[in-house]
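Produce the complete structure using the sequences and hints provided.
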Amino acid sequence: MSPQVQIRQAPPRDDSEMSGPWSILPIADTLLERRSSTSTRLGMPFVIHDRDALLLGSDAITGASVSCASQFWKTDISSTESGIIYTASPRPVREEVQKLRDEIARRTRLTRQQIARAAGVDRRSLSAWVKGSATPSIDKFERLQTLAEVAREIDAAEPGRSTEVLLSRTAGQDLLDHIAAGHFNRVRDWQTLQGSTPSVRIEHRRSTKRPLHQNALDAYLSGQLRPLGRVATIRPESDYEQDLSEADRLMPDEPIRRSRRGYR
Amino acid sequence: MMSPDDFYEWHDEPRQGDIVLCGVSRVIAGDHFSPPQWESLDAHFLQVEDAWDAGHSLGLAAGIGLAMVITHDCQLDKEWNQRVRELQRAGMPIEQAEAQATADMTLDRTLVVSPLIDPSDLRGGRGNVMAGRVIGYLPVPKHQDELVTECVVDLTYQCTVDRLDVVKVTSISETARKQLRYALIQLDALRTADLGFQIEAVVGRTISKVEVPDRDPLTVRIQLDDGQVIQLLQQPGTPDQETGRTGEFFSSRGQD
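These protein sequences, in sequence, are chains G and D. For reference, each letter of the first sequence is one residue, going 864 to 1127 in our numbering. For reference, each letter of the second sequence is one residue, going 618 to 873 in our numbering.
It is worth saying that the hints were derived from the structure and are not from the lab. You may find that some hints are simply not true.
[As the list claims (entries may be wrong)] Some but not every residue of chain D turned toward chain G, in silico, with C-beta under 10 angstroms:
# : residue
1 : 630
2 : 649
3 : 651
4 : 662
5 : 752
Each residue gets a CB set at the ideal place from its N, CA and C atoms; glycine is no exception.
Written out as structure tokens, the structure is:
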């Protein structure tokens, strides 16, 4: 029997965090389960990157019909022939976010606030995603994935420089800003961007004359002179105050010198 | 120029006029122009590419040198002093307040310094400069330990440094500090700041306090170090064309 596949878009939700096409969710290591029995896993690795991938996957599994009455992170696949309903139960979102966040932190020295900035949210939102009390939208999840992916690439190409490269600014923006703005292609081309990041050139010039400070420097290097340090001195309090309104009364006017053309 | 004995006088605490060893820096253009008098200070050139975010770079010239602290005493440790007084007002003993303020690393610890330069490198020669006749320069005699050679403080070059990176070399006398302040006033604010000095020269005493009574703004009261008071009185209705003020001296010992 030829498979009959039906795809139904997830119903729109009011929550803006949940909006977006569900079918482009990149869910790794998805396992299909019978809804009727949570203990029986079919054990089929099922990677859904887009709608076509879902069709191919479902085609291979059911040989019947597929309905996607799923919520954002859940896909139901039912067979009209057998009557069995399979449920895609991917790793919970919070685990995915935590995995990405921890990987980014491990590869870079970015703070959680900086990671959240790349995702276009604040630190509390990122924390809420990890705790499971909120769910990221696809766009924001994709930003986290892009950050992890770029961190991985930089780490491989220039070990130990991930943070420096990610935070180096061009035209006032670093890579985190580009990720937050959704400029993924530009970010993936980080090596080109890095080539245009500010660099410092240093030139040294040796004076032909003996410098004025040479004797003092020699004395310092031989321990005869000491730095000022932080030791402060109590000073009169009244001397901190000024009254600018007094200026006009107390200061003499500048003498007016006119040229023949009348300019001062 | 003052003699070394009159010019130098050691003081332990940081003061305006201290001669220090420190780094100095200034912002430069892309061609790395360095006037002859600053060549020995401009030992390193740093060019930060695209610092202006518009293909425009930022240039810095920096080096180690001798410099004079030009920050006024009252500005030194200003935030530290304010913090100590706040804590004292809150009932903390002075020793504890000082210790707590010292432990606060956020308080301002900067100084403004001007470098010492070789007057031979200045255009116009060293004669007038070492005689103290050129505005913007303060002559410095040779230090007895030769830590400082005969030179001038270039007050036209001022930069802010962190006191943690400053080594004190020597300090100067009160008379020399007056010369410094006078030179700073003439450079930065008043080209004709010599009225007070002229009065001191005429009466042969040092001015210790100057005030303008609120009730009589036409009068300037100048208190001398021996307790005498000089009263300058503006002539009502006949302002001088040049300065707007004429002076008339009234002197009395111990009273107005």
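Status of the hints after comparison with the structure:
no.	hint	in the structure
1	630	holds, 4 angstroms
2	649	holds, 8 angstroms
3	651	holds, 8 angstroms
4	662	holds, 4 angstroms
5	752	violated, 15 angstroms
The structure fails hint 5 only (numbered hints given earlier).
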